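Let the sequences and hints guide you as you build the complete structure.
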Amino acid sequence: MAKQKRPQILVTGAAGALAQQVIQRLRDHCDLVAVDFREQVYLGDDIPSYRIDFTKRVFEDLFRRYQFDGVIHLGRIQSSQLTRMRRYNANVLGTQKLLDLSHKYGIQRVVVLSTYHVYGAVAYNPALIDESAPLKAAGLSSDLVDSVELENLANIYLWRYPDLNITILRPCNIVGPGVRNSIGTLLASERAPVLAGFSPMMQFIHIDDMADAIVLAYKKPVRGVFNVAPDDWVAYQQALKLCGCTRIPIPSVPPVVPRLLLKALRLKSFPSYLIAFFKYPVIIDGRAFSREFGFRPQRPLREIFHFYRENKKPV
Amino acid sequence: MGLATILKRKLIPAEIDEHINRIQKPIGSLGYDPWGYNNEAIKYGFWLTRLIYEKYFRVEAHGVEQVPAEGPVLIIANHSGQLPLDGLLIGYALASRQEPPRIPRAMIERFFPTVPWIGNLLNEMGAVLGDPVNCAKMLANGEAVIVFPEGVRGSGKLYRNRYQLKRFGNGFMHLAMKYRAPIVPVGVVGCEETIPAIANIKPLARMLGIPYAPVAMPVVLPAKVHLNFGPPMYFDDLDIPEEQVTERVEQVKAEISRLIDKGLSERKTLF
Numbered sequence: 001m002a003k004q005k006r007p008q009i010l011v012t013g014a015a016g017a018l019a020q021q022v023i024q025r026l027r028d029h030c031d032l033v034a035v036d037f038r039e040q041v042y043l044g045d046d047i048p049s050y051r052i053d054f055t056k057r058v059f060e061d062l063f064r065r066y067q068f069d070g071v072i073h074l075g076r077i078q079s080s081q082l083t084r085m086r087r088y089n090a091n092v093l094g095t096q097k098l099l100d101l102s103h104k105y106g107i108q109r110v111v112v113l114s115t116y117h118v119y120g121a122v123a124y125n126p127a128l129i130d131e132s133a134p135l136k137a138a139g140l141s142s143d144l145v146d147s148v149e150l151e152n153l154a155n156i157y158l159w160r161y162p163d164l165n166i167t168i169l170r171p172c173n174i175v176g177p178g179v180r181n182s183i184g185t186l187l188a189s190e191r192a193p194v195l196a197g198f199s200p201m202m203q204f205i206h207i208d209d210m211a212d213a214i215v216l217a218y219k220k221p222v223r224g225v226f227n228v229a230p231d232d233w234v235a236y237q238q239a240l241k242l243c244g245c246t247r248i249p250i251p252s253v254p255p256v257v258p259r260l261l262l263k264a265l266r267l268k269s270f271p272s273y274l275i276a277f278f279k280y281p282v283i284i285d286g287r288a289f290s291r292e293f294g295f296r297p298q299r300p301l302r303e304i305f306h307f308y309r310e311n312k313k314p315v
Numbered sequence: 001m002g003l004a005t006i007l008k009r010k011l012i013p014a015e016i017d018e019h020i021n022r023i024q025k026p027i028g029s030l031g032y033d034p035w036g037y038n039n040e041a042i043k044y045g046f047w048l049t050r051l052i053y054e055k056y057f058r059v060e061a062h063g064v065e066q067v068p069a070e071g072p073v074l075i076i077a078n079h080s081g082q083l084p085l086d087g088l089l090i091g092y093a094l095a096s097r098q099e100p101p102r103i104p105r106a107m108i109e110r111f112f113p114t115v116p117w118i119g120n121l122l123n124e125m126g127a128v129l130g131d132p133v134n135c136a137k138m139l140a141n142g143e144a145v146i147v148f149p150e151g152v153r154g155s156g157k158l159y160r161n162r163y164q165l166k167r168f169g170n171g172f173m174h175l176a177m178k179y180r181a182p183i184v185p186v187g188v189v190g191c192e193e194t195i196p197a198i199a200n201i202k203p204l205a206r207m208l209g210i211p212y213a214p215v216a217m218p219v220v221l222p223a224k225v226h227l228n229f230g231p232p233m234y235f236d237d238l239d240i241p242e243e244q245v246t247e248r249v250e251q252v253k254a255e256i257s258r259l260i261d262k263g264l265s266e267r268k269t270l271f
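Chains as they are written, first to last, in the working numbering: chain L, 1 to 315; chain U, 1 to 271.
Treat the hints with caution; some may be incorrect.
Footprint (simulated), chain U over chain L, 3 or more residues, beta carbon under 8 Å [unchecked claim]: (1) 185 to 198; (2) 230 to 241; (3) 291 to 302.
Partial pick of chain L residues on the chain U-facing surface, computed with a CB cut under 7 Å [what the hints assert, rightly or not]: (4) Y124; (5) P126; (6) A127; (7) L128; (8) M201; (9) I248; (10) S252; (11) V253; (12) P254.
No lab work stands behind these hints: they were computed from the structure.
All of these numbers come straight from a predicted model, not from anything done at the bench.
Positions of the beta carbon are idealized from the N, C-alpha and C atoms, including for glycine.
Have a look at this one:
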C-alpha cells in the first residue's frame, strides 16, 4: 500500500509563541514551513524557517519550492507593534499576497487568526457578541483599521474562492507563557494601570488552548468566521488582583484626560487607542466554534492567573 | 484576614450567604456571568437593599409568587422617580421570596455604562445594558428580566404627570413572543413620590450627556412603596403585523394601569 503523503503546511508568524505551540502540535504528522515577517527562528532541523516580507516577490518562491496543502496565517502584526503604515502593509497587503498565492497554487485549507478587537469597544455593546455583529473598531480607532481590513479581505476571499476553505478565528485575549501582547504584558507586570471606576468584563484564553483550537480548526475544513473564547468571564481589575498586580488608577473623567495622559506616557501595554477596551466590555460568544469543532478549553482562569502570580519575578 | 473578609463577616449574615448561594445562576469559575453579575457582590447589594426595602420604603409587595419559578420571564412595570429605584425594589421582592427565590436582571439606560463606578456596580448587582440582544440572550439563558417599556419617558416625567403611563415600546413584546416568555405585569406605586421633580432642564441634560436633568430636592424621600404583581400573561409566537403587536402591548399596559390603581387604592398615606 502506498504511504500516505504528509500534509505540507505553511505557518506564518513563526516567531510568536502561539505559532510555536501550533508547530509543536503539528510537526509529528505534517511537514511544516515556518515564516515570519520580523525574524528568523530556529525550530529544529526538520522545519525550514524563513524571514520574509510577504509583500516581496521572493515570497512566491516558497510556494514554488514546496507544494503546500494548507496555510495557517498567524502572522498578524499586533496593534502595539510597528507604525500604522508598516502594520497596514504587513497585515493587509501581506495577507492579500498570501491569499492570492494560496489561490494560485491550489491550497485547500487556510486558517486566519484575527482578534476580538475588530468588534470595537463601545458603551452600547451587548454581551456575548456573535460573529454576525458589525465590526465597529475601524470607526473607533485608526490604529485598528488594519485588523478590520485584514478580516474583510479574508472574508472576500472566503466567498470568492470557496476552494481555499478559509476559516477566520476571532479569539479573545490570548495569554500565558511566552505571550508578548499588550494584555499579557499587563498581567505579567508588577503594576498595571486601570481606568478609575471602570473594570470591564473580559475573557482570556490560555495559549495552549488557543493552539489546540487552531489545530482543531485546521483539521476540519469548515469555512466561516468563528469567535474563540471559553465560557468564563472575569472583571479586568479582578484579573489583575488575581495575577498579583498592583493597580494604578488613571483618572477616567472627562474622557479626554486619560486619552491625553496615555498619549503622553506612550505605554506599550496600555496604548491610548486600546483605552476603550479597558473601559467597556467586549464579551464574545464562542459557542458556535465549540459546537462546530468540538472545542473544550482545558486551562481554567485560575490556572492562567496563578501562572502570572507565580512568575512576577523571573529567577 | 483581608478587609473584604472582615467586612463580609460583619455585614453578611449566614442566612443571606445561604439564600444567594441557593439561587443557581449560570456563572463562570470566578463567580461572574457575561454581563458582569457577581455572586459575591450581590450579597452586599442584597444586604443593603434589604435595609432600603424594609426600613426606608417599607415596601408592601403582593403577588410576587406569580412570577414563575423557572424559565424565561419578562417582568414589565411602570417606570418612575428619576432613579431606577423601582427596578431595585422589584428585583429584591423576587430575590427575597422564599420558594423559590430568583435574581432578576434589570435592563438599564444606555447612559449608565459610561458612568464610572456606578456602571460596574449596577452590572455586579445583575443590571444589564438595555439592549434587545442582551435581553434576547438572557431569555435564551432562562433568566427573569425586568423591563420598563416607557424607558426615560417614564422615569424622567414630572411630578404633575405622576401615574400617567407614557408610550410603551413594542420591543419587549417581540422578545416575549419569540422566546415564549410569559409576561408578569407589575404596578409600582410610591416611587413617583421619592424624587418629585417640578421641571426638566433639557439644555443642561444635553450638555452633560444624561437623559434628563430634573429640578428636584437633592434627597430621596421615604415614600411608602406598593408593588402589585399581576398574573402571568401568555402570548403566542404567531407572525402577526406590528399593529397587532401594539394591541398586545396595550393589553399589558392596561393590566399595569389596573395594578397601579389597585396600589393607589391600597395606599393610606404617602409616607
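A quick look at each hint next to the structure:
no.: 1; hint: 185 to 198; in the structure: holds (count 4)
no.: 2; hint: 230 to 241; in the structure: holds (count 6)
no.: 3; hint: 291 to 302; in the structure: holds (count 3)
no.: 4; hint: Y124; in the structure: 6 Å, holds
no.: 5; hint: P126; in the structure: 4 Å, holds
no.: 6; hint: A127; in the structure: 4 Å, holds
no.: 7; hint: L128; in the structure: 5 Å, holds
no.: 8; hint: M201; in the structure: 5 Å, holds
no.: 9; hint: I248; in the structure: 16 Å, violated
no.: 10; hint: S252; in the structure: 5 Å, holds
no.: 11; hint: V253; in the structure: 6 Å, holds
no.: 12; hint: P254; in the structure: 10 Å, violated
When each numbered hint is compared with the structure, violations occur for hints 9, 12.
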